[in-house]
Amino acid sequence: MAIDRLSQFEIVAREDFSDATYLLEVHHPLMARAARPGQFVIVMSSEHGERIPLTIADYDRERGTITLVIQAVGKTTREMQQTCTVGTALYGMVGPMGMPSPLGHARKVLCVGGGLGVAPIYPQARGFKENGAYVIAVLGFRTHSLVFWQDKFESCCDEVIVCTDDGSAGVEGRVTEGMKLALGKHADIDECVAIGPPIMMRGAAEVTRPFRIKTMVSLNPVMIDGTGMCGGCRVRVGNQVKFACVDGPDFDGHEVDFDDLMTRLGRFSGEEKAAMKRWSESCRMAQQAPLPPVKEE
Amino acid sequence: MARKKTIRTIPQARTPAAEQDPQERIKNFTEVTHGYGQEEALVEAERCLMCPEQPCVAGCPVGINIPSFIQKIGERDFRGAYDVITTTNLLPAVCGRVCPQETQCEGVCTVGDTLEPVAIGRLERFVGDMAITAGWANVPYIEPSGFRVGVVGAGPAGMACAADMAKAGCEVTVYEAFHQSGGVLRYGIPDFRLPNEVIDAEMGNLEKLGVRFECNTLVGRLFTIEQMIDELGFDAVFIGTGAGYPTMLGVPGDSLNGVLSANELLTRCNLMRAKEFPNYDTPMPPGRRVAVVGAGNTAMDAMRVCRRLGAEEVYCVYRRSRAEAPARAEEVHHAEQEGIQFKWLTNPVEILDDGDGGVQAMRCVRMELGEPDDSGRRRPVPVADSEHDIEVDLVVVAIGTNANPIIGQTSKLALNKWGYIDADEHLATSMPGVFAGGDIVTGAATVIEAMGAGRKAARGMKRFLGIRDVHAPYLVEGADTLFGIDLRERNFARIRVPA
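Protein chains in written order, with the numbering used here: chain A, 707 to 1003; chain B, 301 to 799.
Among the hints, erroneous ones may be present.
Now the in silico label distances, taken between C-beta atoms and shown as ranges [to be verified]:
1) Tyr797/A x Asp413/B: 50 to 58 Å
2) Val683/B x Lys920/A: 46 to 54 Å
3) Asp724/B x Pro808/A: 31 to 39 Å
4) Arg720/A x Asp674/B: 54 to 62 Å
5) Asn496/B x Asp872/A: 50 to 58 Å
Calculated directly from the structure, the hints in this document are not laboratory data. Treat the numbers as computed from the prediction; the structure is a model and nothing was measured. All residues carry an ideal CB built from backbone N, CA and C; glycine is no exception.
With these hints in hand, go ahead and build the complete structure from the sequences.
Here it is, written out as structure tokens:
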């Protein structure tokens, strides 16, 4: 019965951008066909695992793959960093979820990605370009060794501005510096899309607010099902409660209550820390344990 | 048969079913009510009068021939009883446990006019459990009809429709967004009320009918309903995606971290096994003092789960009185036994912050019952100057659900003004060949009502596909022929008798 399943969720490619950031390509032809910029998937790495939402970083309809870029921050993502190698498979991956980003009729667009957010901004930048817009990408990283996909962006954007916190590559400073440069140079930017950590998205929204440029941000709160059933992902947008999984994940950055989002992201911080600690200890134990005896035929 | 039974000759008292001791069971997730043994079932079966009116059959949403299966139990023909039930209900072990019998079959039982009604639910469960232990399965003789049917959602409605269509010879695929099938049976109803093994066993019967399950598949987003018909080659589609979009309180403090929907609590504990954290990765920190808002079955489940997770105080906060509580009587009774404190006629107006994003207390007002409203129940109205705070650190909201929006967002199906799918009396939607039933059409209801809707849609679907509803007999072991016709060789449904 398993043979004719829609997908076995095999990992067909992997690339490590740094010690913490890695890319996985998962084989799922039907999903590669359905995915649109801005959508996300929910992944389970094992039967005992939790369901984690990940924004789709890219999709390849010809090869039938979905690309995910993951940062090893907690127990699950670190464990995946160790176990998810080419030839293995995820326990499950469901999607594409959420409303696709409206690519609209914008003529000049600022695509801002911070850290891991650089990955999911890519399909949006490419989508805008395909729609005939002039696309300026602003990509922010902590330092030069963490920079990834600059070439991919250069091949589909009209301008690419790289920012690093320490100035080791491109402009020194956060993405807001790069955005100010772009806004100074182009007075006719009519839309901005920003994806990254909540604090960065809030910063980006504040930069564009005085210019009254429509700014969309992609929210990634705690979720279980991703189908509107649990309400765990509720966010406050313009004083209304919305479910990020079915009403979003893209919302107007000038309306989002980022304080509320950040508080809610810390909802399970105690449990997350405990799980992380327990897991690192078990890893250390495993390393110290003597090697299992070799079986002889 | 012996002389006719009368209300005076039958055993007067309803046979009790053993239960786990409340003090013991609040520490575990194993089943609360033990089922009948054979002796108890035989005594209880004796209580059915076999009355000619059979109000119980009409009271059952799927129309199980209840007197007939009880009679088979009385004759110790348990396999026969199972065969009677499964002609109309595929999941006796599930329904015997979760149906609100007191408002359905048992509520209209003739014996119940004078004495306590026959314990139909417990008898059904007895038969269902015996079938699981014995490994019985009724696989009817199925002649392929050549049609392909897609079912969206592996919950009670979808499974009932899938079973009927598979029996009608269709090739059925069920799509489920979660990683396990079962829908609300799996994510909603806790283990102590419906163990997973029971769900697995009854799902196994569906697979024996040839039904295929595709989990991790979000219909609407991965492919649309239109694509199922136009590209994936389905001749008919059934949508049973459920209600499932939780209503929050809409009071200040609603988005605090200690406030969550009952759906979330139950999904974490049941489907994701948070009660076995850290062995399973999904956490669900137990509250110390918990308020559950609402008094339906979901609210009762949420309270009893919190108790088992280790909450010291669990309150049920409901704006109407006990008489209006929609939960099954047995669930309210069990919750009371487990030390749940009921605050009837109480309504939350605000949730107070502990200064750290969590919950400090819930501010409530007392209510009193006024004139009847549209639902016929007396409308609760707030009592002036009755504000008071209940100190809690977790608030679970179980006040109902709305329609799941995904199918509506991604298809051209006609919806009503509340977002539920519009369906006619045969449960056909605005799109030819597409049927819908269960909570996504009616709004939140019960498991058995959803199953009834699934079966009704299957009848509509068979009519649409031109499959004649022939009551093909089950292939009894050893009997390969019927009236001299070889059941294995011929398409039984289409045999013409020579003139």
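Against the structure, the hints:
no.	hint	in the structure
1	Tyr797/A x Asp413/B: 50 to 58 Å	54 Å, holds
2	Val683/B x Lys920/A: 46 to 54 Å	48 Å, holds
3	Asp724/B x Pro808/A: 31 to 39 Å	34 Å, holds
4	Arg720/A x Asp674/B: 54 to 62 Å	58 Å, holds
5	Asn496/B x Asp872/A: 50 to 58 Å	53 Å, holds
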